[in-house]
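Engineer: Sequence:
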Amino acid sequence: MNFLEQVKILVIKDIMLEWRSKAAFNSILLYVVSTVFVCYQAFKTVDTLVWNALFWIILLFASITAIARGFTQETQHRYLYYYSILNPRALVISKIVYNALLMILISLTAFVVYGTIFRNPIGDLFLYFIAVSLGAISFSSVFTMVSGISAKTGSNSTIMAILSFPVIIPLLIMLIKLSQHAIQGLERAASSSELFVLIAINVITIAISLLLFPYLWRD
1 MNFLEQVKIL
11 VIKDIMLEWR
21 SKAAFNSILL
31 YVVSTVFVCY
41 QAFKTVDTLV
51 WNALFWIILL
61 FASITAIARG
71 FTQETQHRYL
81 YYYSILNPRA
91 LVISKIVYNA
101 LLMILISLTA
111 FVVYGTIFRN
121 PIGDLFLYFI
131 AVSLGAISFS
141 SVFTMVSGIS
151 AKTGSNSTIM
161 AILSFPVIIP
171 LLIMLIKLSQ
181 HAIQGLERAA
191 SSSELFVLIA
201 INVITIAISL
211 LLFPYLWRD
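Following UniProt numbering, the numbering of the sequence shown begins with 1 at its first residue and continues without gaps.
No lab work stands behind these hints, which were simulated from the structure alone. The structure presented is a predicted model; accordingly, all values stated were derived computationally and were not measured. Even for Gly, the Cβ is constructed at its ideal location relative to N, Cα and C. Mixed in with the good hints, there may be bad ones.
Cβ-Cβ distance ranges computed for the label pairs, FRET-style [unchecked claim]: (1) Tyr83 / Leu125: 40 to 50 Å; (2) Lys8 / Pro214: 16 to 26 Å; (3) Ser192 / Leu212: 44 to 54 Å; (4) Arg188 / Leu108: 15 to 25 Å.
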């Protein structure tokens, strides 16, 4: 099999396993809905800055819950089997693709629930959807890479927090700025720098994953 076929088969495998159990996905949806409801009971009404910040905080913790288990749920015997038949880069790319699809689904569901319970203040809905999609892909690429490293250190959550912190902070700053522009309804040209930075972070993170994971794989 070539590289793309390996990625496709691994993504389909992960989707089928998730579809059979649904426990993890349902628990994440329950977390999102319950968190939005608690925020509504606590604040009732919020201004646009708080509305935007709360939404990204909810998505951040949902992504940690969803993606952190990406490598730890695989057994050592299964990894040994993968080692004999797969390109390691195909494995890490398949995890990023699967986690990105999962996070886009969770993010859109969270947005619908959040916008229904709280009043939706967004001026440019299309730009906000782009911000949410880029955020889902960014969280996927960052946390997949960190999850792979953490899995090789005995699934140490402290290691995961330390490694992801320097990347997540500038990522969140750019996402909040971009989504705030969408809420204010500014011209899309004003958000070009934020879009460029977000795309650059994703490209760099995926490139580092492709370079680093084969060395982790050997261990």
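Engineer: Hint by hint, say whether it matches the structure.
Structural biologist: Each hint tested on the structure:
For the hinted restraint 40 to 50 Å between Tyr83 and Leu125, the CB-CB distance of approximately 46 Å keeps it satisfied. Look at Lys8 against Pro214: about 20 Å separates their beta carbons, and that is inside 16 to 26 Å. Ser192 and Leu212 have their C-beta atoms about 30 Å apart, which leaves the hinted 44 to 54 Å range violated. Distance hint for Arg188 and Leu108: a CB-CB separation of about 20 Å, consistent with the stated range 15 to 25 Å.
The structure fails to meet hint 3 from the earlier list, while all remaining hints are met.
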